[in-house]
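> One-letter residues, chain by chain:
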Amino acid sequence: MTDEKTMIQIKDLTRYYKSGMGVVKALDGVSLKIEKGEFIAIMGASGSGKTTMLRILGLLDKPTKGEYTINNLNVVHLPEEERSYYRLTQLGYVFQDYALINEMSASENVYILSLMEGKSKKESISTAHEALVNVGLGDKGKRIPDQLSGGEKQRVAVARAIAKKPKILFADEPCANLDTHTSEQVLDVFKILNEKFGQTIVMVTHEAWHTKYVSRVIKLRDGKIVGDLRRRKN
Amino acid sequence: MFDDIRVGILSAKSSIKRGNKKTLAFIIFVLALIFVNLLFLPSMIGGLMGMFTGFMQYPYGDIVVEPSGDNVYINNADNVLQKVRAVQDVTFATKRLDAGASIQYKQKVVGSSIIGILPSEEYGISNYPFIITEGEFLGDLSQDEIIIGAMLVEGYFGSEIYDNLGEIKVGSFVNVTYSNGVVRKYKVKGIMEGTFELVDLNALVHYKEIKDVFGVDEGKATSVVVRVKNPDDAAKVKEKIIAVGVKEPVFTADEKSDALMRQAMQSIGMINVVSKYVSLIIGAALILIIVYINVLNRKREIGILKAVGITPRSIVISYAFISMFYVSMGILAGLVLYFASMFYFTVNPVTFYDTITIIPEIQVGLLINSIFTMLIMSVIAVILPAWRVSKESILKAIWGR
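Chains as they are written, first to last, in my numbering: chain A, 1 to 234; chain B, 1001 to 1401.
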């Protein structure tokens, strides 16, 4: 049982992949508790299991074994339809490579989720616009991804993830393809969301300087947690 | 479900609006060809069957009443005509008197059937009045005049195969010796060409000529030829004719067609049906391939949509809309292609032996059928691949693992 402050709890989370004749232990019995309003960076070298962990936390993948609860709800064994609904209504996910639909405008990429939630088209467009304004792209809603820079694309992806005001925002190396200045813009958006709206954020990164934005850093190595540091608030 | 449809429409609309226009044009072009393939051959075969059916209508109309037993004549032909004309769906009916004869022109003699007709009634019965290539058709007051079939005249199609009368002209005089030995001299009023032996090896005279030659009374006929509103209903109308008390044997043109012709028609009909099914299977397979490739090309997009919470149902609906759009455009383009080709082949018919021409037949039923078939195929073809991909794991769809 978790307390009211706890947003995410994982116990003995394990993910094995079959690789050729052998088995790769991408996550090897990870246990962790994340509280509401935390901004966490998961760090580690390539192959340490950070992306695997984020995909499981974001309900994009299932663990081989272990427990995973969000707000006291065990989500491991939810049927696919409920996992999909949960992703739609409770979680936001920012992909490393933006993962925008190229044939949809920035606004459509964002408001399609509100439509799926059952909101009216007008309300959905308005929500999308608000989210795009929050990431500094209020005037670029009609552009398709090909007409946007890398940083703008990533901010559209962030807008899509935050428009529905998710309980948890997951971001998988959101600045991997961005220059320092654009990375700062994206991380500033995360910081505002976290500090102003109390948004819980779990971000995978391998850049040490990103840690200045977060409240907690979890280090992974070979599928195991080898460090859990909380930053003191200034 | 309503939200699934809204999301499906948005996704489909943006995909069509901002997708690759060249690819879209190519897909529509291929679908248009599939559509034309469903229609073109059946239309040509339809034209061919229509041509054969048209041939059979010269001697038999849609229905023919013939003398019973060993009788040479229908003795009460006017009475039969009266009954037949009163039957619903009968449009025209006439009596004819046929006789065997030999026709002589200069030194040449050929055997032929001479058909005694009532000229003005033939306009509603057969194409005889409309196939006069030289001279004129008979009139109700025609006397001592004859129409000669083209295959009996040197130089016409088929005349080289059969005995002919040489270079006979309109205005020439021929001697006709009837089977009872009576000889009559007729002036050639016209030459008819139906590009069919049953027509072009015969000759036409006025009904009164045969009546006088054989000394039979006004009520006699060797056949009563009937046309009906819809030739496909000939069998039903035949039953009605029997039901109103016509005692003589009644046949549909189909029944009177000789075995070879019937077999040919059945074979052509069979080829038509088989070609329709083959076209349908090829069409379904091609639509499936086009849609499948389209879906596979968007596998990553489908994975992304699933990852952010869009339901597989929305994704399938989206592809169903896209597929229906492609197919609808394909049908429209196909209709343009089809009507253009039909127009071309109507103006420039496929011709055999310089005279037999096949004009394609536009079958409205087949057209509607093909449109619905294509639309239904488009939905069926999309469901399987789209559903399969939408059910694939998100990781595999986006990152291929």
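I should point out that these hints are in silico values taken from the structure, not numbers from a laboratory. The reader is advised that the hints may include incorrect statements.
With a straight-line cut-off of 27 Å between C-alpha atoms, the simulated DSSO-like cross-links for lysine-lysine are [as the list claims (entries may be wrong)]:
{"id": "1", "chain 1": "A", "residue 1": "Lys-65", "chain 2": "B", "residue 2": "Lys-1391"}
{"id": "2", "chain 1": "A", "residue 1": "Lys-18", "chain 2": "A", "residue 2": "Lys-165"}
{"id": "3", "chain 1": "B", "residue 1": "Lys-1013", "chain 2": "A", "residue 2": "Lys-121"}
{"id": "4", "chain 1": "A", "residue 1": "Lys-65", "chain 2": "B", "residue 2": "Lys-1017"}
{"id": "5", "chain 1": "A", "residue 1": "Lys-119", "chain 2": "B", "residue 2": "Lys-1256"}
{"id": "6", "chain 1": "B", "residue 1": "Lys-1236", "chain 2": "A", "residue 2": "Lys-122"}
{"id": "7", "chain 1": "A", "residue 1": "Lys-62", "chain 2": "B", "residue 2": "Lys-1299"}
{"id": "8", "chain 1": "A", "residue 1": "Lys-224", "chain 2": "B", "residue 2": "Lys-1017"}
{"id": "9", "chain 1": "A", "residue 1": "Lys-121", "chain 2": "B", "residue 2": "Lys-1017"}
{"id": "10", "chain 1": "A", "residue 1": "Lys-219", "chain 2": "A", "residue 2": "Lys-191"}
{"id": "11", "chain 1": "A", "residue 1": "Lys-219", "chain 2": "A", "residue 2": "Lys-142"}
{"id": "12", "chain 1": "B", "residue 1": "Lys-1021", "chain 2": "A", "residue 2": "Lys-18"}
{"id": "13", "chain 1": "A", "residue 1": "Lys-65", "chain 2": "A", "residue 2": "Lys-33"}
{"id": "14", "chain 1": "B", "residue 1": "Lys-1013", "chain 2": "B", "residue 2": "Lys-1256"}
{"id": "15", "chain 1": "A", "residue 1": "Lys-142", "chain 2": "B", "residue 2": "Lys-1021"}
{"id": "16", "chain 1": "A", "residue 1": "Lys-18", "chain 2": "B", "residue 2": "Lys-1022"}
{"id": "17", "chain 1": "B", "residue 1": "Lys-1017", "chain 2": "A", "residue 2": "Lys-142"}
{"id": "18", "chain 1": "A", "residue 1": "Lys-119", "chain 2": "B", "residue 2": "Lys-1240"}
{"id": "19", "chain 1": "A", "residue 1": "Lys-25", "chain 2": "B", "residue 2": "Lys-1396"}
{"id": "20", "chain 1": "B", "residue 1": "Lys-1256", "chain 2": "A", "residue 2": "Lys-62"}
{"id": "21", "chain 1": "A", "residue 1": "Lys-140", "chain 2": "B", "residue 2": "Lys-1021"}
{"id": "22", "chain 1": "A", "residue 1": "Lys-122", "chain 2": "B", "residue 2": "Lys-1013"}
{"id": "23", "chain 1": "B", "residue 1": "Lys-1236", "chain 2": "B", "residue 2": "Lys-1211"}
{"id": "24", "chain 1": "B", "residue 1": "Lys-1256", "chain 2": "A", "residue 2": "Lys-140"}
{"id": "25", "chain 1": "A", "residue 1": "Lys-196", "chain 2": "A", "residue 2": "Lys-36"}
{"id": "26", "chain 1": "A", "residue 1": "Lys-62", "chain 2": "B", "residue 2": "Lys-1240"}
{"id": "27", "chain 1": "B", "residue 1": "Lys-1229", "chain 2": "B", "residue 2": "Lys-1211"}
{"id": "28", "chain 1": "A", "residue 1": "Lys-165", "chain 2": "A", "residue 2": "Lys-142"}
{"id": "29", "chain 1": "A", "residue 1": "Lys-119", "chain 2": "B", "residue 2": "Lys-1022"}
{"id": "30", "chain 1": "A", "residue 1": "Lys-140", "chain 2": "B", "residue 2": "Lys-1396"}
{"id": "31", "chain 1": "A", "residue 1": "Lys-142", "chain 2": "B", "residue 2": "Lys-1396"}
{"id": "32", "chain 1": "B", "residue 1": "Lys-1240", "chain 2": "A", "residue 2": "Lys-18"}
{"id": "33", "chain 1": "B", "residue 1": "Lys-1022", "chain 2": "A", "residue 2": "Lys-142"}
{"id": "34", "chain 1": "A", "residue 1": "Lys-167", "chain 2": "B", "residue 2": "Lys-1391"}
{"id": "35", "chain 1": "A", "residue 1": "Lys-25", "chain 2": "B", "residue 2": "Lys-1169"}
{"id": "36", "chain 1": "B", "residue 1": "Lys-1013", "chain 2": "A", "residue 2": "Lys-142"}
{"id": "37", "chain 1": "B", "residue 1": "Lys-1021", "chain 2": "A", "residue 2": "Lys-11"}
{"id": "38", "chain 1": "B", "residue 1": "Lys-1256", "chain 2": "B", "residue 2": "Lys-1021"}
> Which hints, by number, does the structure contradict?
2, 4, 5, 6, 8, 11, 12, 14, 16, 18, 20, 23, 24, 26, 27, 29, 30, 31, 32, 35, 37 and 38
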